[in-house]
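Number of protein chains: 2
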Amino acid sequence: MRNAEFDREQVLRAAMNAFLHKGYAKTSMQALTKATGLHPGSIYCAFENKRGLLLASLEQYKQDRNDEFQQFFIQERPVLDSLKAYIDNIVTECNSCDTAKACLLTKSLSELAEQDESIKIFISEVLEQWQQSLSAKFEQAKKLGELTTTKDSKHLARYLVMGIYGLRTFAHTHPQSAVIQQLADQLYEDLCRE
Amino acid sequence: MRNAEFDREQVLRAAMNAFLHKGYAKTSMQALTKATGLHPGSIYCAFENKRGLLLASLEQYKQDRNDEFQQFFIQERPVLDSLKAYIDNIVTECNSCDTAKACLLTKSLSELAEQDESIKIFISEVLEQWQQSLSAKFEQAKKLGELTTTKDSKHLARYLVMGIYGLRTFAHTHPQSAVIQQLADQLYEDLCRE
DNA sequence: GAGTATCTTGAACGAACATTCAAGAACTAA
DNA sequence: TTAGTTCTTGAATGTTCGTTCAAGATACTC
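Sequence order for the protein chains is A and B. Under my numbering, the letters of the first sequence match residues 35 to 228, in that order. Under my numbering, the letters of the second sequence match residues 35 to 228, in that order.
Among these hints, one or two may not hold up.
[Claimed, not checked] Computed cross-link-like contacts, SDA-like style, restricted to lysine to any residue with a CA-CA straight-line distance of at most 25 Å:
(1) K60(B) - E148(B)
(2) K60(A) - R42(B)
(3) K56(B) - L139(A)
[Unchecked claim] Now the in silico label distances, taken between C-beta atoms and shown as ranges:
(4) G86(A) - Q215(B): 34 to 40 Å
(5) T126(A) - K188(B): 20 to 26 Å
(6) T126(A) - E110(B): 32 to 38 Å
(7) R99(A) - Q166(B): 44 to 50 Å
(8) D132(A) - E82(B): 22 to 28 Å
(9) Q109(A) - R85(B): 47 to 53 Å
(10) Q105(B) - T182(A): 39 to 45 Å
(11) E110(B) - E110(A): 54 to 60 Å
[Stated by the list, open to error] One-sided and incomplete, this derived list gives chain A residues near chain B with beta-carbon spacing under 8 Å:
(12) A48
(13) M63
(14) V113
(15) L114
(16) R192
(17) T203
(18) A212
(19) Q215
(20) Q216
(21) D224
(22) C226
Keep in mind that the hints were calculated from the coordinates and are not lab data. Positions of the beta carbon are idealized from the N, C-alpha and C atoms, including for glycine.
Start from the sequences and build out the full structure, keeping to the hints where you can.
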């Protein structure tokens with residue numbers, strides 16, 4: 035017996051960054067061996083092929099994003115304050131370097147949805163879960179009396195998700211602009227209105 | 035002397051569809067020769083290379099989209115009615131086949147922004163012009179008393195653009211869903227409020 | 001410490017890629 | 001009809017791609 039030598043999470047984060055940077059098609063195996071420090075054989079042994087490495091990276095990305103999400107709502111403060119902090123964090127991402135302003139899930143979805151049905155389904159499910167988490171937070175805010183609106187929590191969550199998608203795309207044409215924060219503020223305001 | 039035989043617009047629309055369908059990297063020259071009906075030599079003679087064909091396609095896409103935009107506002111009716119019809123048309127696109135729900139500009143931006151600065155600049159400028167056209171319509175609606183809001187027209191245009199970006203991404207995970215229309219309606223409502 | 005199972009290594013593979021170019025076809029002008 | 005110019009054709013090119021696999025290295029078991 036003998037265990038693999040590499041750190042799986044470390045490898046997957048390196049692959050994540052590579053895919054985020056160049057997209058799936060343009061990220062060559064050569065680039066992936068360089069980024070991960072693994073030789074081709076090891077990658078194929080551990081992840082079957084390039085597609086498998088993307089799937090594993092998406093899975094890791096999902097977990098990382100999930101953990102991050104939980105962190106924002108773990109603190110003792112109004113739910114809406116946590117939500118605002120969560121949105122503002124996304125704004126910060128949008129105003130940072132090119133790699134961070136994109137979301138690996140939506141980027142991969144856009145590139146591969148038409149070519150790979152099962153990847154499309156996987157990503158759609160992850161995004162749906164995220165939406166449901168947000169919906170639960172809106173519901174919580176309503177129950178605690180923080181939020182007074184007649185609108186359905188699920189609708190609010192969808193609207194926020196749509197806004198965040200839009201924000202990220204918008205950021206591509208507006209590097210480090212105060213406009214992103216302005217739009218995010220407007221979005222938050224519209225969500226919490228009446 | 036002798037003129038080229040092919041119809042440039044027809045060729046560019048075929049290329050546009052190919053790029054929209056598979057993305058730039060995954061659209062091979064072989065696929066492009068098939069889609070356009072042109073032989074490699076003709077493409078390289080007319081557009082220099084694959085990248086040149088994309089640029090020409092983007093230019094054509096810009097013109098087509100511009101013409102389409104103007105059509106919505108040429109009719110004699112309240113500006114806001116035209117705007118609503120314009121948004122609803124996008125909803126229809128989002129609910130149609132996979133190829134139509136994406137925008138070639140944002141799709142190419144997402145794929146190539148980090149690798150090709152001049153393509154990024156070109157696309158950013160086209161999107162900025164679109165935003166300004168929308169801004170002008172909001173301004174017009176204000177002047178005509180259709181819209182009563184304290185908000186800056188440019189801000190409204192940015193918010194709408196963000197919403198449309200988000201709508202298109204959202205549509206990728208929700209094929210032919212009533213939810214898209216619901217979100218668009220909410221977006222329009224938020225824009226025209228107070 | 002010998003034997004064995006597993007992991008690592010990286011050169012080698014065929015396939016697919018963007019691009020080229022010389023030969024052939026077609027149109028124009030005289 | 002002919003000469004000249006331009007466009008079309010598609011096989012060939014060199015490169016890069018994802019993937020394989022046999023040889024070597026390493027750790028565990030008994």
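In rising order, the numbers of the hints this structure does not comply with: 2, 6, 7, 12, 13, 14, 15, 18, 19 and 22
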